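> Residue strings, one per chain:
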Amino acid sequence: MAQIPNSQEVYDVIVVGSGAGGGTATRVLTSKGMKVALLEAGPMLDPFKEFLEHKMPADYDHRGAEEGGASYFGKGKPFGFFSTTSGGWQLEGEPYTVGEGSKFEWFRSRIVGGRTNHYGRMSFRFSDFDFKPYTRDGLGFDWPISYEDISPYYDKAEEFIGVCGSIEGIRSAPDGKFHTPPPPKVHETLIKKSCDKLGIPCIPNRRAVITKSINGRAPCHYCGQCGRGCQTASAYSSSQVEIFPAMKTGLVKVFDNAMVREVLSNGNGKVNGVLYVDKRTREHRVIRGKAVILAASACESARILLNSKSKEFPNGLANGSGLVGRYLMDTVGFGLSGYVPALEGMPHYDTEGYGGAHLYMPWWDWEKHNKLDFPRGYHIEIGGGYGMPGVGSYHGAARTYGYGKDMKQNIRQRYGAAVGFSGRGEMIPNALSYTEIDPTVVDQWGIPVLKFHFKWSDHEWRQARHMERTFTQIIEGMGGKVLGLNNAQRESGGISVPGTIIHEVGTVKMGLNAKNSVLNGFTQAHEVKNLFVVDGGSFVSNPDKNPTLTINALSWRACDYLSEEMRKGNV
Amino acid sequence: MSNLLNIAPASPDGRPGRRELIKAVAFAVVATGGLVEDVEAAQHVHAEAVSAQKATGIYTAKEMSAAEFKTLGKLAELIVPADDVSGSALDAGAPAFIDLLCSQNKQLATTYHGGLAWLDAEMNRKFSKSFVNATVEQQTAMLDLLVEADKSERARMDESAVVKKSDFRDFSDYTFKQPHPQAAGAKFFDWVRKMTVDAFYTSPIGIKDLGFMGNGAYSKYEVPKQSLDYAMKRSPFA
Ligand SMILES: Cc1cc2nc3c(=O)[nH]c(=O)nc-3n(C[C@H](O)[C@H](O)[C@H](O)COP(=O)(O)OP(=O)(O)OC[C@H]3O[C@@H](n4cnc5c(N)ncnc54)[C@H](O)[C@@H]3O)c2cc1C
Ligand code: SF4
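Residue numbers (my numbering), protein chains in the order written: chain A, 15 to 585; chain B, 110 to 347.
Just chain B, same shape as in the assembly:
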C-alpha cells in the first residue's frame, strides 16, 4: 500500500513532487470513500488544485481608462517599490487586480474613478502636472501628504466616535477638529494602498519576498535547528 509516508522526496528540500502528491491523494480518495472515487478524476481535480501559478498574460483593463490604468501602475510602483529583495507591486499585477474588482463592483469603481481624478486635479493645482507626468519628488510629496491626511482623518473619526458614544450631548464647548485639507483624497489613498499591498503580498513575488514556505506536502514535520538556535540565543532563555 502506498501512502504519503512512503513518498520518496522528489526534490532536494525533501518535498514530494507534484506527481507523488497527486498519487498519494488519489490513493487517499479511494480509501476514504470520498465522492470522487475514480482515480483519474481525482488526479485531475488535484492536479488542478496544485497547479502552478497561471501564466500571466497581458491584462487589458476592463474598467479603467488607459490613463487611469497607468496612474494605478505608477502608484503601485511607489507604494510597494522594487528593492534589492523583490520587484514592485506593478510587477505583481496590482493594477489588474484593482481594475478587475472595480469592473465587478460599482461602488469600488466610483471610489477609484473619483479618487484618481481628484489626484490629478490636486497634482495639477500643486505642480501643474498630472500624477504620472510629475517628478518622483512631486509624486512622493503628494503621497506623504496623503499618508498624513489619512492619519489625521483617522484620529478625527476616532475622536468623534468617542463623543458620539458617550452621553455627552452638549457640543457647545467641544470644537470638532477641522478636516485635513487633503481629506477627500485620504480615503481613496487608503483604498489604493491597501489593495496594492494585498496584490503584492498575495502574488508569487510577494510570497517569495516574505519567505512563506507553507502549504506544502511532507511525510514528516521538522523544525530546523538553526532557526531554534537563532531565536533561543536572542531570547531571555539563552
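With the rest of the complex left out, here is chain A:
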C-alpha cells in the first residue's frame, strides 16, 4: 500500500499514545516551546458527552443494563455502563493471543487520555529500597536510577497533577507534596482501629484528586464518581489536565484515530518518523519528527518496537539485547470482604467522598522479610460504604433471601455494612512472563499482534496467602465475619488472574547497558539516541505501588533530559 506522507512538516517530537506517559510528555515538551505531534489510536474525547459523572441509573430506561440487557450476558462495559473505559479486556478487531498454559488479560482504552480518564487515581511513590531490590534480596534486578534521581520529579508530578495525602514518615511510603485529604469514613475508622491492634499502619489515602483549586481546576465536589470521569477535572486525567491545556498553546497537533504501526529509522542509528494507519480511511501515513517518544502503554510500546523491523534492526527496533517483551509484570491481587455488624442500622450518610477510600495501608514489614516466607511487600486498599445501587448489586442477596418482604428487609439492613480489602503486592520478574509477536495473527489494521506468556511463582502465591490471613485478622478484629472473595471471578484460584490488576509493566526494561536492558535510566533507547519509551514499559521491578505516578514522573524526567540533549545537539 502506498504510504502517504502527512505533510512536509517535521515535528520536534512525535509522541505515540495519550495516556499518563504521553499526556505528561506532551505537556512538558510544549511548555518548553517544542512542536509536538501526538498520535492516539482512539478518538478525541469530549468529557461532557462521555463522562456520565452526575447521572443516576434511572436517567436511563435500561438503568445501566445497556441495550438489550447486555450486562446480564457479560457483554456490557467492563466496569459497568457508567464507567468511562472506552475499551476493555477485548477490543473488537484488535485481538491478542495467550500462550498455552498461561492466563493473561490485557485491559486497553482507546481514546485521548487512555486509561487515565477513569483509573483509580491511587498515587504512591516508590520507596528508596524499591529501586534496589536485587541488592536487598538477590532477586530480580536493580534499577539504574535511585530514589534521589526521581524524587524531584515525584514532587513536580504531584504538584502539577494534584495528589491528596498526609505526611507520615513511613519508609515504604515516602511523603510527597499533598493536598489536604478528606476525613476517614466510619467503616474506615473501625478498620484503622483494627489495624492499630495488629500494628499495621492505616493512613490517609493518596489519590490524584485536588481539594483546592490549581491551574484553574475546581476542587473536588465529592460526588464520588471518578471512575465515570470527572467533568470538573478535579481528578487527574491526562486528557483534561495535560493535553487540552497543551492544545491551547498551539504547539501540539493531535492526530486521533491514528494507530501507529512502526517507528521508522533513517539507516544511521536514528529514527525519523512513524508509520501509522489512519483508522478513518485505513490509509498508511507517515509523520516525520526529530525524536520519537513511545507511550502507547507498556506492552503496546513493546509491540511497536518488535514490529519496527529494518535492515539495521532485524530483531525489532532497539532490540539488540533481545529483551524487548521480556520481564512482563503485573501486580499480585487478592481480596476478601467481610460483614461488620457494628455498622448495621447506622444513621446513613453520604459515604462517596472523593471517589475512593479515604484511608489505605502501606506495607509495614519491610524489615522482617527474613521472617516471612515471601520476599516483597504489598499495600491494602479498602472498600465499603453506602454505594450507589446498580444493576447486579443485589442478585446475590436475592438468591440468598428468596423474595418478598423478608428479602427487602434483609437488603435494607445489610446495606453499607460490608467492607472489602484488596491486597496489591509486588511480583518478582521471571523468565516465564513475557510477551512476543504472534507470527500467525494480525489485527484489523494488518498489524501483527501480541502473544502473552505468564506465570506466578511461589513468591507471589505465598504473598497472597499472607494477604488472606491479614485480611481475616482485620475483619475479625473489628467484630466482623469474612464473607468471601472480593472478586470471585478473577481471584477464584486464590490469586488474581495475571493482567487483571491492570498494572502491567516491564517489557522494555531500563538498565545500565545495552546488553542487560533496552533503555537507559532516562528511558532513552541505548541503541537509538532519539527514541524514548515513557509508559510503564521501562519498569525494572513492579513494587506494590500502583504505577501511574511513577510513569508521570519518569516521563517528565525523560522530557527534561531530551529537550536538554536536543538543545546541546546530542539528539
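You may find that some hints are simply not true.
Claimed, not checked - Okay, derived cross-link-like pairs now, DSSO-like style, lysine-lysine, Cα gap no bigger than 30 Å in a straight line: (1) A:K226 - B:K334; (2) B:K238 - A:K419; (3) A:K495 - A:K465; (4) A:K69 - B:K317.
What the hints assert, rightly or not - So the derived label-pair ranges between C-beta atoms look like this: (5) A:R185 - B:A264: 46 to 52 Å; (6) B:V194 - A:D169: 50 to 56 Å; (7) B:N242 - A:M58: 55 to 61 Å; (8) B:P313 - A:L212: 39 to 45 Å; (9) A:K207 - B:N242: 55 to 61 Å; (10) A:L526 - B:E331: 48 to 54 Å; (11) A:Q458 - B:D192: 50 to 56 Å; (12) B:N242 - A:W475: 56 to 62 Å; (13) B:K260 - A:K191: 31 to 37 Å; (14) B:D193 - A:G507: 54 to 60 Å; (15) A:E173 - B:Q213: 56 to 62 Å; (16) A:P328 - B:K215: 49 to 55 Å; (17) A:A502 - B:A175: 37 to 43 Å.
By construction, these hints were calculated from the structure, which means they are not laboratory data. Here the structure is a predicted model, which is why all the values come from computation and not from measurement. Yeah, the Cβ is synthetic: ideal placement off N, Cα and C, and Gly gets one too.
We have chain A already, so just place chain B with the ligands on it with the hints.
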C-alpha cells in the same frame, strides 16, 4: 473568581443547588480548557446531566402481550412488595424495564415468553387458575417452590461442575442428582427476580428505600458524628 468552595449552600442540608452546581461546573470547564468552551453550551450539557428523574408517563408494552405484562406486574409486586418503608417493584416500573430490554433482545424475550407461559401452565395444572387470577397464597406457594427449585438446581450445577473439572472419568458409581420437578421454571424465576430487583433498587423509590445519598456536590466532605458514635459504640473498640 468563583469556584465550588464559594458556593453558598442552597438547601438546608448544605448541598449546593442545581443552579450553583451548573455555574461552578461551567466555570471549571472554561478554566480547564475542556472541549466545550462555551459557557452556555456547558450549562446546557450539565443541566441535562443533573436533570431530575424524567417524568414517567404511561408505558406501553413493546414486546409483551397485555396478559404477559400484567403477570410481570404481579410478579413485581410479590418479589419486591410494598412495605411501610417504600412502594413495590411495580411502582418502580419493573415490568416496563423488563419489556424494554426484551424488545431489544430476542434471547431475553424468549426466556420471558417461555417462562411466563410455563408459569401459567404450571399454575393451571396445580390450581386450575392463571397466575394473576390465583389467590395470593397460591401465588406465593408457587414462588416458594421456584425459590427451592432455583437453589436445588444451583447446587446440582455446582456438583456436576466439580465432577467435570476433576479427572474423574468413571461415572458408574456416581449418581447425578435428579433435576428438581420445577427445574424448567427455575431459570426463568431467577431472571425475573434479578431484573425486578434491579429495576426496584435503581429507581428513585429503591434508592430512597436504601438511603443512598451520594453523587451530590458539596464544598466540604464531612462524616456525621452521630454515625461514627453509633458504630463505635457497637464495635469492639467501644
Ligand atoms: C479500572 C482501572 C483502574 C486503575 N487504577 C489505577 C490506580 O489507582 N493507580 C494507578 O497508578 N494505576 C491505575 N490503573 C492503571 C493506569 O490506568 C495505567 O497505569 C496508566 O493509564 C498507564 O498509562 P500509559 O500512558 O502507559 O497508558 P494508557 O493510559 O493505557 O494510554 C495509552 C494510550 O496509547 C494509545 N495507543 C495504544 N497503542 C497505540 C498505537 N499503536 N498507536 C497510537 N496510539 C496507541 C491508547 O489508545 C491509549 O490511549 C488503573 C487502570 C484501570 C483500567
Ligand atoms: S469525587 Fe471529586 S474528583 Fe471524583 S469525580 Fe467527583 S468531583 Fe471529580
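> Each hint: holds or not?
Outcome of the hint check:
1. A:K226 - B:K334: holds, 24 Å
2. B:K238 - A:K419: holds, 25 Å
3. A:K495 - A:K465: The given pair, whose Cα atoms are some 42 Å apart, is violated under the 30 Å limit.
4. A:K69 - B:K317: Holds: K69 of chain A and K317 of chain B sit about 16 Å apart, inside 30 Å.
5. A:R185 - B:A264: 46 to 52 Å: Once the Cβ atoms are compared, 50 Å apart, the range 46 to 52 Å for A264 of chain B and R185 of chain A holds.
6. B:V194 - A:D169: 50 to 56 Å: holds, 52 Å
7. B:N242 - A:M58: 55 to 61 Å: Distance hint for N242 of chain B, M58 of chain A holds at roughly 58 Å.
8. B:P313 - A:L212: 39 to 45 Å: holds, 42 Å
9. A:K207 - B:N242: 55 to 61 Å: For K207 of chain A and N242 of chain B the Cβ distance comes to about 57 Å; the hint holds.
10. A:L526 - B:E331: 48 to 54 Å: Once the Cβ atoms are compared, 51 Å apart, the range 48 to 54 Å for E331 of chain B and L526 of chain A holds.
11. A:Q458 - B:D192: 50 to 56 Å: holds, 53 Å
12. B:N242 - A:W475: 56 to 62 Å: holds, 59 Å
13. B:K260 - A:K191: 31 to 37 Å: Violated: the Cβ-Cβ distance is about 55 Å, outside 31 to 37 Å.
14. B:D193 - A:G507: 54 to 60 Å: At 45 Å between Cβs, range violated.
15. A:E173 - B:Q213: 56 to 62 Å: Given about 48 Å between the Cβ atoms, the range is violated.
16. A:P328 - B:K215: 49 to 55 Å: holds, 52 Å
17. A:A502 - B:A175: 37 to 43 Å: holds, 40 Å
Checked against the numbered hints above, the structure breaks hints 3, 13, 14, 15 and satisfies the rest.
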